[in-house]
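A.B. asks: Construct the complete structure from the given sequences, taking the supplied hints into account.
Protein chains in written order, with this note's numbering: chain A, 1 to 383; chain B, 1001 to 1383; chain C, 2001 to 2383; chain D, 3001 to 3383.
Since the hints were derived computationally from the structure, they do not count as laboratory data.
Incorrect hints may have been included.
[Stated by the list, open to error] Covered by chain A, according to a simulated footprint, are these stretches of chain D (three or more residues, beta-carbon under 8 Å):
hint, stretch
1, 3070-3083
2, 3256-3270
[Unchecked claim] Covered by chain C, per the in silico footprint, the following chain A stretches (three or more residues, Cβ under 8 Å):
hint, stretch
3, 294-301
4, 304-318
[To be verified] In silico DSSO-like cross-links for lysine-lysine, where the CA-CA straight-line distance does not exceed 30 Å:
hint, chain 1, residue 1, chain 2, residue 2
5, A, Lys-266, B, Lys-1150
6, A, Lys-187, A, Lys-125
7, D, Lys-3187, D, Lys-3266
8, D, Lys-3150, A, Lys-266
Just so you know, even glycine gets a beta-carbon here, dropped at the ideal spot from N, CA and C.
Protein chains: 4
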Amino acid sequence: MSTARETIGIGMVGHAFMGAVHSHAWRNVHRFFPVAPIPRLAALGGRDEARAKAAAERFGWAAVETDWRALIARDDVDLVDICTPGDTHAEIAIAALEAGKHVLCEKPLANTLAEAEAMTTAAEKARENGVRSMVAFNYRRVPALAHARKLVASGALGRIRHVRTVYLQDWLSSSDSPMSWRLDKDKAGSGALGDLGAHIVDATQFVTGETVTGVSALTETFVGERPDGSGGTGQVTVDDCALFLGRLSGGGVASFEATRYALGRKNSMRLEVNGSKASLAFDSESMNELSWFDGGDPVTEAGFRRILVTEPAHPYLAAWWPPGHLLGYEHTFTHEIADLLTALGEGRDPAPSFADGLGVQRVLDAAGRSAAGQSRWTTTEGN
Amino acid sequence: MSTARETIGIGMVGHAFMGAVHSHAWRNVHRFFPVAPIPRLAALGGRDEARAKAAAERFGWAAVETDWRALIARDDVDLVDICTPGDTHAEIAIAALEAGKHVLCEKPLANTLAEAEAMTTAAEKARENGVRSMVAFNYRRVPALAHARKLVASGALGRIRHVRTVYLQDWLSSSDSPMSWRLDKDKAGSGALGDLGAHIVDATQFVTGETVTGVSALTETFVGERPDGSGGTGQVTVDDCALFLGRLSGGGVASFEATRYALGRKNSMRLEVNGSKASLAFDSESMNELSWFDGGDPVTEAGFRRILVTEPAHPYLAAWWPPGHLLGYEHTFTHEIADLLTALGEGRDPAPSFADGLGVQRVLDAAGRSAAGQSRWTTTEGN
Amino acid sequence: MSTARETIGIGMVGHAFMGAVHSHAWRNVHRFFPVAPIPRLAALGGRDEARAKAAAERFGWAAVETDWRALIARDDVDLVDICTPGDTHAEIAIAALEAGKHVLCEKPLANTLAEAEAMTTAAEKARENGVRSMVAFNYRRVPALAHARKLVASGALGRIRHVRTVYLQDWLSSSDSPMSWRLDKDKAGSGALGDLGAHIVDATQFVTGETVTGVSALTETFVGERPDGSGGTGQVTVDDCALFLGRLSGGGVASFEATRYALGRKNSMRLEVNGSKASLAFDSESMNELSWFDGGDPVTEAGFRRILVTEPAHPYLAAWWPPGHLLGYEHTFTHEIADLLTALGEGRDPAPSFADGLGVQRVLDAAGRSAAGQSRWTTTEGN
Amino acid sequence: MSTARETIGIGMVGHAFMGAVHSHAWRNVHRFFPVAPIPRLAALGGRDEARAKAAAERFGWAAVETDWRALIARDDVDLVDICTPGDTHAEIAIAALEAGKHVLCEKPLANTLAEAEAMTTAAEKARENGVRSMVAFNYRRVPALAHARKLVASGALGRIRHVRTVYLQDWLSSSDSPMSWRLDKDKAGSGALGDLGAHIVDATQFVTGETVTGVSALTETFVGERPDGSGGTGQVTVDDCALFLGRLSGGGVASFEATRYALGRKNSMRLEVNGSKASLAFDSESMNELSWFDGGDPVTEAGFRRILVTEPAHPYLAAWWPPGHLLGYEHTFTHEIADLLTALGEGRDPAPSFADGLGVQRVLDAAGRSAAGQSRWTTTEGN
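C.D. replies: Laid out in structure tokens, this is it:
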């Protein structure tokens, strides 16, 4: 069978958890969405050749490169997808953009504010040459949250009074859980703050359409040493949890919590927004649902509605199954890549941009500084 | 990249809803499960050539056939996947089995008991020649229900006292909803009874490991005429809902309801099992969860647990994402096909067999006869 | 402090569970509702004098009688409240009515259809003399169900298609649970059918405003002998569970289940009604909530609403606390008695009448006959 | 009927919302709990004689006093129950204690830290003479929270890592809602902070058995002027919401939010505690339930349990109804008064003491100072 649809060559760096889920999206996106161009899985980048080859075969990539610079340089690579830890994002992304390749970069945009700023500058410069970039905040592509954004944008909530958002995991609850690169500040930049906090800050700014203008924060490391898997122990150099209060540009207030010690909460990213006219609530452990309270309902029939976000009229859903048939985690990446390819095909910038990612980084940076400074109020300059 | 894994050629008949979801599973199963052989999407069958070609391109099939007999005859087709309405199942399945092709057949197995019996006979004969068959009750592959089966089989529930199961949809709630082949007895065999009832009968027999030995039933057609889309009306010749009570081979009792008029319930397949030691409950609208009550818990800490069925130790989950990251509807088909291919690779019969499908059909048939006969108790002979 | 409000003397027979909760309602009703007359707790009837006296002191009754005939005969008793097992209802109620005393009778109205008919005849005769009677189906006074009735009566649900209702308890789940008068047919009349089934039949007829015109039923006794508490065993002579299907006078269908073996369900009386325009659902384990689906909501914002039935505009709520503050089980009895006293004060008949109780009894009787007769369809003559 | 049980004379000041619910508890406590002494409702204090008399008749008080000093002075008053706004608590409580009357004081203990300290000093002095005092944090008497405390105290949660607690109401969501004494700093001391924040701070310290050692806070007034009901507007001089982060004496962290702008949340006091071994969660809108996650459960059967806190073995429940029958809001006051009377009868100090109330006040005071000082970390000296 032949196809008239144009193609685009993808080079992806990194093949762990994020690499697996991105690969699935690249392979399947055009089976469900009428994207143009259609992705070709050109090359997979990984330092260990044997492991990279095994991953390429498993995930469906045509070639492997052990040096990401070589991957960027390939003629058959038009877009570079960065799925590596945060300490490498800036270098790879800037090089790719300078080489004229579009970039999709996993979140958080970078481990430091300086890197995020350099990346944003590079993205804006590349943009002048039609080279586009996007940061991969996949929760924006959960249909329930995309619909929440539409509801806020329509004015249905009125003035935003409150946002309360948490990202709760529990994989560090036991003091016996082993060290990991995610607990090493050099690799990960921060702990729960950057890994989980980035998602809830982005979700807050995305859903409300407002920015976080300042914060007061507290971080804590509950367990300072953990088994390193070889009989010794390793130092945990990042935060185990981060809590912060914030103000929104529209006059509302917000609270944020990111932790890996909420025993029993496996992957619970929750967001509640209270407006003057309506409220909404979301929990990623029930990601096909949106809770919705319409202040205009008759008082005797008012209550939070459990909207099953599976109707064809809901964002992304027309591509999938009949009402009541659920979507899963990886669909958010398929949606993300559908949006990216559609933007490329239409000659538009995809969202969220590196500037959006920088906006998140500014909040995380302010939180880190506040936590280090007696929780004093810290503004997020630039936001 | 080359692969040493053996392949198997798939020919699929039908390319509507079920065809789309089966195609997705055939394309991706080996990316997540270590199946051998690996499927090749050899040929897609569809009567309208243009539509079949469009579907083949979209879903990734290498060729199309407009005659299912030609599809069965192809040398590159080793397994025939039947995704057509129930009135065609028997003819295609029996022909495929006689041609030495393995068969995967969508549920319900057939529209009549006689057809189901003929298919089962053909399957058992083909089996002697190493030709294998399976009926596609995908709910068995929902991890929560697969885990429920394990819990019952382990003895954790003790004696089964009650099963209460419903399959609720609402797409006919309005009298204005149009006619469809699903409302035409000649095509569909029955209405909610066969379409939805088949799932809950199979789920009951699968999870409990028991059979339904007899039933008392009631069916109803609420709206007898519906707009036919061309200005006229069409006669609804099937049931709109079917309710039946049953007894289980182990001494317990069960209730069943299938309807398309449960306004607000989009696709709610629910199953609750009460045993002498524990209880479990499931709802497909929250399909990543299993409710579990352990009668052995201290009375002050006992309560239904909301198990998020997303742990690596849960059925099928090791292939997917970290705990707390949800799966969707189509995963059940990927699991089904993974189980089928694994059985083929290991030279075992896959489950559920056509005989299992026939066992479901006997219950549906008894329900139909009871409903037609003053709800009188009707045994399901053979079960 | 003096009060100008008229009083009414109450005589209550029985002082176990129902006696305790009725006493609480009689003592407190006028503190919250502007009823007239105000109840005086005149006399408590109980066969064992010592136990009756202890109960009277604890519950606040002014006198005791060991013979219910003497209690009826007292000049200071204007109304007789019957809280004894079902086998005594007919005799006491008829005698009280003939003595010109108003009667409140616990459900089920009687253990047999013949007794219920005699009671209804007596009630209708007494009514000509201004003597009034009411049967105590307290679930009608759960604010959520009273509100459900209002919604149906307003036409908001459109045509009723489905009722599905269950009453699940688990106190017999273990085979070691001891014998009780509730398991003895002579005392209790039936098991789960009359005790629990009476509630869900009444709730169905009350909420829908329709009657159950016929049923097909199945009953089962899972454990035939139980320890009698003195080293021996007693025969269980009633049903452990009863399941039945029914048709409603308006053309809809219904399912009913009553059981004491639903492990983990402590007192779960559930009712779901699906109409052509809206649906509602209730569970007594969350009795301050009503689930409500409005088919008129925009499809993207439609979902079951969790209405907290605690607004002043909800039935009975203006008498209690601010929104969001919950009511409990005994409030339903306070409401029941407030309605009764208000009707007496206004010279109206209270509801539900003995005739309503008889209507429930006819359904239970038909269910019993169907279960004994191969589940054959059995009409509820008179309904 | 006579009773041998000793009695105690109660004088209550204030007869609005809190007066109504306290009266109900005083009237009924001995009908359910074997308390000694038994309360006599001696006198009700209220400035407007006509309104006080009406309330006394409605609630069952034997006399009225228009001057609280006269009420304290009555010989038939042994215990003074203070149900007035916070600005009057100190004066009344101190006078009552000095007059040798036991005191029950509604929360918050006082409007200022200085008053709370003076009250605590007075209480400690009175205690030397056998005069006892208690502050009325009724949420401690919600069975689910009392059980939560027992679970933490038993060590079942291990080390406490996180507390997250909110108290959400919505009665100010509309800018049109009128002024009230609760929005006037002179009367109310503070807004959501003192009214709602006091409950969640006490609940945190009660359930964990730890103290909040410091906080960082933010407060906001969204709507500065509101209609005064007479055509003009009134100035809102208190906070509309208060959010704060805290640290616990055992090393954990906590977050607090109190607001009257959470549209759709009528009275949602929520508390989640994550320990190293188990987690628990509570929501007052489902106050008969406790969520419980036991980290020791097998990973495939672990999940938050919905414990229905209605078993006889649960705190306070043996006095009430069978399992699965719910309690309501006012039961918490009946429990509170049962505990108070039992302590008096046994010659013990009831809890929580004024010192406990002062401990809460210190946290609220620190939060107020932090909010006024750039959210800087503020320790709660004395805690």
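A.B. asks: Each hint needs a verdict: does it hold in this structure or not?
C.D. replies: The hints, checked one at a time:
Only residues whose beta carbon comes within less than 8 Å of a beta carbon in chain A count, and the stretch 3070-3083 of chain D has 0; fewer than three means the coverage is violated. Counting residues of the stretch 3256-3270 of chain D whose CB lies closer than 8 Å to any CB of chain A gives 7, which reaches the minimum of 3, so the coverage claim holds. Coverage of the stretch 294-301 of chain A by chain C holds in this model, with 5 residues showing a Cβ closer than 8 Å to a Cβ of that chain against a need of three. Chain C is given as covering the stretch 304-318 of chain A, and this holds because 8 residues of the stretch bring a CB closer than 8 Å to a CB of that chain, at least three being needed.
The straight-line distance between the Cα atoms of A:Lys-266 and B:Lys-1150 is roughly 23 Å, inside the 30 Å bound, and the hint therefore holds. Distance restraint check for A:Lys-187 and A:Lys-125: the Cα-Cα separation of roughly 28 Å lies within the 30 Å cut-off, and the hinted pair is therefore satisfied. For the proposed pair D:Lys-3187 and D:Lys-3266, the alpha carbon gap of about 23 Å is at most 30 Å, so the pair holds. A hinted pair counts as satisfied when its Cα atoms are at most 30 Å apart, and D:Lys-3150 with A:Lys-266 qualifies at roughly 26 Å.
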